[in-house]
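Visitor: Assemble the whole structure, with the sequences as input and the hints as a guide.
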Amino acid sequence: MSVDNPSNARSPATGASGAVLPPAHLWARLLRLGMGWTLLFQALGVWPNLKYIVTWNAIVPTSITEMVNPRWFPHVGWFAPLLAHAGLDGQKAFVFFFALYTLLLIALIANFYPKITSLLVFVLHLVIEGSNDFTLYGVDRFASIGLFYCVLAPGRIPLPENSDILWRSIAVRRLLQFHLLVLYWNAGIAKSFGPQWWHGEAVWRAVTQPVFRGMIDVASLAALPGVAVAAGISTLVIEIGYPFFMLPKKPRPVWLAAVVSMHLGIGLFMDMWSFAFVMIALNLGGFGAEYVAELLHWRPQMAWRPFGRRAEMERAVNTRL
Amino acid sequence: MTRTLGPYRFFAPPVGPQLFVQIHAEGPPAFDEILGNDMTQEGALKIGATQSSFSFYRNVPLLLEFAGRQFFERHPEYKTVELTFGWYTVPSRSEWRSGERMGMRKSLKMSFERSD
Numbered sequence: 090m091s092v093d094n095p096s097n098a099r100s101p102a103t104g105a106s107g108a109v110l111p112p113a114h115l116w117a118r119l120l121r122l123g124m125g126w127t128l129l130f131q132a133l134g135v136w137p138n139l140k141y142i143v144t145w146n147a148i149v150p151t152s153i154t155e156m157v158n159p160r161w162f163p164h165v166g167w168f169a170p171l172l173a174h175a176g177l178d179g180q181k182a183f184v185f186f187f188a189l190y191t192l193l194l195i196a197l198i199a200n201f202y203p204k205i206t207s208l209l210v211f212v213l214h215l216v217i218e219g220s221n222d223f224t225l226y227g228v229d230r231f232a233s234i235g236l237f238y239c240v241l242a243p244g245r246i247p248l249p250e251n252s253d254i255l256w257r258s259i260a261v262r263r264l265l266q267f268h269l270l271v272l273y274w275n276a277g278i279a280k281s282f283g284p285q286w287w288h289g290e291a292v293w294r295a296v297t298q299p300v301f302r303g304m305i306d307v308a309s310l311a312a313l314p315g316v317a318v319a320a321g322i323s324t325l326v327i328e329i330g331y332p333f334f335m336l337p338k339k340p341r342p343v344w345l346a347a348v349v350s351m352h353l354g355i356g357l358f359m360d361m362w363s364f365a366f367v368m369i370a371l372n373l374g375g376f377g378a379e380y381v382a383e384l385l386h387w388r389p390q391m392a393w394r395p396f397g398r399r400a401e402m403e404r405a406v407n408t409r410l
Numbered sequence: 347m348t349r350t351l352g353p354y355r356f357f358a359p360p361v362g363p364q365l366f367v368q369i370h371a372e373g374p375p376a377f378d379e380i381l382g383n384d385m386t387q388e389g390a391l392k393i394g395a396t397q398s399s400f401s402f403y404r405n406v407p408l409l410l411e412f413a414g415r416q417f418f419e420r421h422p423e424y425k426t427v428e429l430t431f432g433w434y435t436v437p438s439r440s441e442w443r444s445g446e447r448m449g450m451r452k453s454l455k456m457s458f459e460r461s462d
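Protein sequences appear in the order of chains A and B.
Residue 121 in this note's numbering sits at position 32 of the first sequence; the count goes up by one each step and never skips.
Residue 372 in this note's numbering sits at position 26 of the second sequence; the count goes up by one each step and never skips.
Short, incomplete list of chain B residues facing chain A, as computed with Cβ under 8 Å:
1) M385
2) Q387
3) L391
4) A395
5) S399
6) F412
7) A413
8) R420
9) Y434
10) V436
11) R443
12) M448
For the record, the hints were derived by calculation from the structure and aren't laboratory data.
As the structure is a computational prediction, the values presented were derived from the model and not from experiment.
Think of the CB as a built atom: it goes at the ideal place given N, C-alpha and C, for glycine as much as any other residue.
Guide: What follows is the structure, encoded as C-alpha cells:
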C-alpha cells in the first residue's frame with residue numbers, strides 16, 4: 090500500500106531497521122506528553138491553595154461563578170444532584186472533580202487509552218473552567234486549545250492498513266500548525282501597534298511586577314536599557330515572522346528554537362512555567378516532532394508504553410507508507 | 347494584571363500595572379498581608395486574574411466584599427478587617443536609574459465587620 094505522506098517525507102530516516110521514528114507517529118504523543126506534564130505541574134501548584142482559589146470558599150465562590158456563566162457551559166453544578174447521592178456535595182464535589190482531573194492527567198502522560206483519556210481531560214478541564222471563570226488566565230485558554238487537539242489526534246500509531254488514521258493524523262497536525270501560525274502572527278501584529286513593545290517598556294514592566302517572582306536582576310536591566318529593547322523587538326520579530334519561517338522547512342529548526350527560547354525566557358524571568366510549557370508543548374506537537382525524534386534518536390527499540398508498543402513501532406518504521 | 351488599562355486584546359493584552367488587595371486587621375497580633383502572597387505561584391497568578399476580572403468589569407467593591415468574607419473564613423479570630431485595593435506603580439527605566447522605586451497606589455479602602 091502506498092500513501093503519499095508528506096510528514097514521513099521529511100522524517101530523518103524511514104524503512105530501515107533501527108531508523109528514527111517518523112514524525113507522523115510521534116507528534117500526537119509528544120503533544121499529549123507535553124500537555125499532560127504541564128497541566129499536572131499546574132494542578133499540583135493549585136492543590137495547596139485549592140480551597141481558597143477555586144472552590145465554594147474561593148474569593149468568588151464557584152456557586153456564584155456558575156450563576157454568572159452561561160447555563161449551557163459545562164460546570165460542576167450540572168453534576169451536583171448526581172454527586173450528592175454519593176455524599177459529594179458542595180466543596181467535596183469540586184474537590185472530587187479536581188482530583189479526577191489530576192489522576193486523568195497522569196493517565197494522559199502514561200498514554201493510557203489516549204483518545205478516551207484526552208476526551209475526559211478536555212471535558213473535565215472545561216467543567217472546572219466553567220466553575221472558576223474569574224481565576225482563568227492565558228495558560229487555561231491555551232490549555233483548552235492544546236487539549237482539543239489531543240482529542241482530535243489519533244490515539245493509535247498509524248499503520249499501513251490504517252491509512253485513514255494516518256491521514257487524520259496529518260490533517261489534525263496541519264490544523265494545529267495553521268492555528269499556531271494565525272495565533273502567533275496575530276499576537277505579533279497586535280503587539281506591534283503598542284509602543285510599549287518597541288522601546289522595551291513592556292518587557293521592563295513585565296519582569297518588574299511583584300507577582301512574577303522571576304530571576305532577573307532589575308537593577309542590571311535598568312542599567313542596560315538595550316536588553317529590554319532587544320527583548321521586546323525580538324518578541325515582535327519572532328511572532329510576526331512565525332508563519333514565514335515556520336512553514337518552510339529550512340529556517341524552521343532555527344525559528345522553533347527561537348520560539349522555545351522565548352517561552353523558556355517567560356518561564357525563567359516571569360516564573361510563569363505552566364504558560365511557558367503549554368506553549369512549548371503546542372509548538373513541539375505542531376512543528377517539532379521530527380527534530381525531537383532526531384535529537385533523541387527515537388527508535389523502536391526505545392519504545393515504551395507512552396510512545397506505543399514496540400512491535401507496533403517496528404512495523405510502523407519498517408513499512409514504507 | 348493585564349486587563350486593567352487600555353483596550354483588551356486576547357492575543358496581546360497591553361502590559362498594565364499589577365493590582366493588589368492589601369489586608370489589615372487589628373490584633374493582637376496585627377495582620378498585614380497582600381492577598382495571594384501566602385500562596386503558591388500558580389495560586390497567586392489565579393488571584394491576580396480574579397482581581398483583574400473585577401477591575402475590568404469595574405466592580406471592585408464587590409471584590410473587596412468577597413475578599414472580606416474569605417478573610418473571616420480563614421481567620422475566625424479577627425472581628426474587623428480593612429481591605430485596600432490598588433495597583434503597583436512601576437517607574438520607567440530612567441526613573442529607576444535616578445533612584446525611584448516601585449510604589450503602591452491605593453484607590454479604594456473598605457472595612458468589614460464579622461456579622462456572626
